[in-house]
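K.L.:
Sequence:
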Amino acid sequence: MTRNRLWFLAPWLLYTVASGRELSIQESCLQLLATSETPSHATPHINNLIRNGTASVPPEIILKLPELGLQRIGDKILGFRNTDLDATFETEHFLLHYTSDQSDNDAVSPDDYDGNTIPDYVDQMASVFEIVWDFYMDSLGFDHPPEDGSLGGNGKYDIYLENLPVQYFAITYTSNAETSSNTSCASYIKMRNNY
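Take any residue in the sequence shown, count from 1 to its spot, add 43: that is its number in our numbering.
It should be emphasised that the hints constitute simulated quantities derived from the structure, not laboratory data. It cannot be assumed that every hint is accurate.
Computed Cβ-Cβ distance ranges for the label pairs, DEER-style [to be verified]:
1) 163 with 96: 37 to 43 Å
2) 209 with 145: 18 to 24 Å
3) 157 with 99: 48 to 54 Å
4) 94 with 153: 35 to 41 Å
5) 180 with 107: 32 to 38 Å
6) 167 with 209: 18 to 24 Å
7) 70 with 156: 42 to 48 Å
Since the model is a prediction, treat every value here as computed from it, not as a measurement. Beta carbons: idealized from backbone N, C-alpha and C, even for Gly.
With these hints in hand, go ahead and build the complete structure from the sequences.
P.N.:
Right, dumping it as structure tokens:
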């Protein structure tokens, strides 16, 4: 059941970086301040704040930035990667960051029924992302996402499994990495640490 839910979520996440429309700062702030527990698609709003900086951002959003994986530096808003996740799992195209330390709020379930020393949740997440990669990159011929250099540990696409605000399943962030393209940017995904 979890695998099926992740299958439908992963294409949506990979598509997110390439899609979107012009959003006002006010529209993004209203969406991010919504207190509904209904799942919300935060990615275009988060990236709108990263793209436009702190101009016109209300103080109540500035205070919520860390909860959303963002930080204010001067007049800029930047995404930050969770460096407290103490384990990684590498696949052909992805580097998944996680912790199974159950005293940490970001911990994934330690269940490892196949006995490969990787939590089953991480195994399933990695498998689904590789299936989605094969479909979009190999079958449909989409361009590979720009690499972020050594940010996150290596040039593979980074996925961080952590405790997200309740209304978000996942959020895709543009990264601060330089790319050779002026029409694309490197990115990374934060996925909920449990479903």
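K.L.:
Hints first: check each against the structure and report whether it holds.
P.N.:
Right, here's what the structure says about each hint:
1. For the pair residue 163 and residue 96, the supplied restraint of 37 to 43 Å holds, since their beta-carbon distance comes to about 41 Å.
2. Range check, residue 209 to residue 145: Cβ separation about 20 Å, and the 18 to 24 Å hint holds.
3. For the pair residue 157 and residue 99, the beta carbons lie near 50 Å from each other, so the given range of 48 to 54 Å is met.
4. In this structure, residue 94 and residue 153 meet the distance hint of 35 to 41 Å, their C-beta atoms being roughly 38 Å apart.
5. A hinted range of 32 to 38 Å for the beta carbons of residue 180 and residue 107 is consistent with their spacing of about 34 Å.
6. For the pair residue 167 and residue 209, the supplied restraint of 18 to 24 Å holds, since their beta-carbon distance comes to about 21 Å.
7. The hint said 42 to 48 Å for the Cβ distance between residue 70 and residue 156, and at roughly 44 Å that hint holds.
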